[in-house]
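Novice: Here is what each chain is made of, one letter per residue.
2 protein chains.
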Amino acid sequence: MRYSLLAGGKRIRPALCIAACELFGGTEEMAMPSACALEMIHTMSLIHDDLPCMDNDDLRRGKPTNHKIFGEYTAVLAGDALLAFAFEHIATATRGVPSGKVVRVIAEVAKAIGPKGLAAGQVVDIANEKNANVDLELLEYIHLHKTAALLECSVVSGAILGGASDEQVEKLRVFARCNGLLFQVVDDILDVTRSSEELGKTAGKDLLADKATYPKLLGLEKAREFALELKHKALNQLSEFDESRAAPLYGLTEYIASRQN
Amino acid sequence: MRYSLLAGGKRIRPALCIAACELFGGTEEMAMPSACALEMIHTMSLIHDDLPCMDNDDLRRGKPTNHKIFGEYTAVLAGDALLAFAFEHIATATRGVPSGKVVRVIAEVAKAIGPKGLAAGQVVDIANEKNANVDLELLEYIHLHKTAALLECSVVSGAILGGASDEQVEKLRVFARCNGLLFQVVDDILDVTRSSEELGKTAGKDLLADKATYPKLLGLEKAREFALELKHKALNQLSEFDESRAAPLYGLTEYIASRQN
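So the protein sequences, as listed, match chains S and L.
In terms of my numbering, the first sequence opens at residue 187 and continues consecutively.
In terms of my numbering, the second sequence opens at residue 187 and continues consecutively.
Next up, chain S with everything else stripped away, as it sits in the complex:
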């Protein structure tokens, strides 16, 4: 659990959670347990995603994947334990927030990774790995579930903890979904334009596996245009919020859009 959780990573989900909480006047302390839990869950999804029966990846964040070091059964159980501990941590370590909100956060997080969230995205993704006819709609379904759902619940959890209204939560949902797709479009672009060394993971893997990606379906230039479009749509959602408080969210979108690994 420690090996994969502390192997680096961009900590985008915790940052989004804390930023969304602070956007509504909440404190970092209120959001920290949920922020940590979201990183545990993200890590768990990577450990399971890398397994031989899934993507069969040897490298992650520049290091050997969990099952390469500890063996397959430990990797499965480390993932299971991270998932369970994430919920334990939200439930036991959250301070200064009414229990009703803690329950709402747990519901949001659980939904994002369950049968209508991350797991659904993974199943559809792997099931279509050898499907040569994946279109944009199916690709969007995969990324909305596999990537955007966890980003969405990161932002939404923070917003709930910070005291956002339902309407404000909805704006941030759209913001997060756009960022989720943006993240994936950028990932697809990096996979075909960067080396393994630059990425800290195996590059060119999508191409090799003949996997559906935005550059493959749209061409590299149109994929870049789509990324720009998503970036603007995401940023537009923030227009009604206090600009200085929303600065970390603007910054994260800029970061996702311009990241190089």
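These are computed hints drawn from the structure, not numbers from a lab.
Keep in mind that a hint or two might mislead.
It does not matter which identical chain is used: a pair holds within one copy or between any two.
As the list claims (entries may be wrong) - With a straight-line Cα cutoff of 25 Å, these simulated SDA-like cross-link-like pairs (lysine to any residue) come out: (1) Lys-417 <-> Leu-245; (2) Lys-254 <-> Arg-445; (3) Lys-254 <-> Pro-301; (4) Lys-287 <-> Glu-215; (5) Lys-316 <-> Pro-238; (6) Lys-316 <-> Gly-195; (7) Lys-254 <-> Ile-375; (8) Lys-397 <-> Arg-281; (9) Lys-408 <-> Phe-210; (10) Lys-302 <-> Leu-192; (11) Lys-391 <-> Gln-354.
These figures come from a predicted structure and were not determined experimentally.
Following the hints, put chain L in place on chain S, whose structure we already have.
Specialist: Frame of chain S; chain L shown alone:
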């Protein structure tokens, strides 16, 4: 998810949860979402436990195991999704219970299956599969974590939902731990005394794998005596509770002690 969840099974954990809730005047309705969640989590642990990289089992509850039907990656993800959905279900479907208690139940359940619960038991169990020197202490560690932890949190969750005091919760913890060990001792005994057909799963597997079991460490007769001892210790914990309300708990212990598959 449906295939394994609805493949039968003894529903001991849901029954314990509901019985414990009613013991303190709570209703079945209050406990039902947690009860269902506990069965989802139990099912998830079986799906992952049966994987080729774990126990590599072909049969479960008289049917082919999940990965035999749906493939390995779907089995991993079905387990992950069941785990996540369990927490979603407790958080969204529990009615008539203050949020603070729902948070406590989520903490109990999560702790029981995380790095100090079920997952720990599984790791230690598999790591010692080929260890010829497993003693009673290590065997007890494995079963307290692998089996008893989930039974314990089933009883404790029900008790919390029903309004038990801390002292009453502690009595039920001991009750559940004894039942957990009892369950495993009986399982070990059945494995060497019953056929695969009678069990609905592969019999004699422990013997074949030269796995540490109570019959192996104590002999069959002493193992049977130990089972009786655990049964009495479990039932003693119930002496201060209303006898008619505690009847389902007495009954469950009798059932665990005398089950034939």
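Novice: Now tell me, hint by hint, if it's right for this structure.
Specialist: Against the structure, the hints come out as follows:
For the homomeric pair Lys-417 and Leu-245, neither the shortest alpha-carbon distance inside one copy (29 Å) nor that between copies (50 Å) is at most 25 Å. In this homomeric assembly, Lys-254 and Arg-445 never come within 25 Å of each other (Cα to Cα): the closest approach is 27 Å inside a single copy and 41 Å across copies. Taking the shortest Cα distances, Lys-254 and Pro-301 sit within 25 Å of each other only across copies (20 Å), while inside one copy they are farther apart (28 Å). In this assembly of identical chains, the alpha carbons of Lys-287 and Glu-215 lie at most 25 Å apart whether taken from the same copy (15 Å) or from different copies (22 Å).
Taking the closest pair of Cα atoms, Lys-316 and Pro-238 come within 25 Å of each other both inside a single copy (16 Å) and across two copies (24 Å). Proximity of Lys-316 and Gly-195 under a CA criterion of 25 Å is satisfied in neither setting, with 29 Å inside one chain copy and 36 Å between copies. Taking identical chains as interchangeable, the C-alpha atoms of Lys-254 and Ile-375 are never at most 25 Å apart, the minima being 27 Å within one chain and 37 Å between chains. Taking the shortest alpha-carbon separations for Lys-397 and Arg-281, neither the intra-copy value of 44 Å nor the inter-copy value of 45 Å comes in at or below 25 Å.
When the C-alpha separation of Lys-408 and Phe-210 is checked against a cutoff of 25 Å, the pair qualifies neither within a copy, at 36 Å, nor between copies, at 64 Å. In this homomeric assembly, Lys-302 and Leu-192 come within 25 Å of each other (Cα to Cα) only across copies, at 19 Å, whereas the closest approach inside a single copy is 28 Å. Taking the shortest Cα distances, Lys-391 and Gln-354 never come within 25 Å of each other, neither inside one copy (39 Å) nor across copies (57 Å).
Hints 1, 2, 6, 7, 8, 9 and 11 from the list above are not met by this structure, while the remaining hints are.
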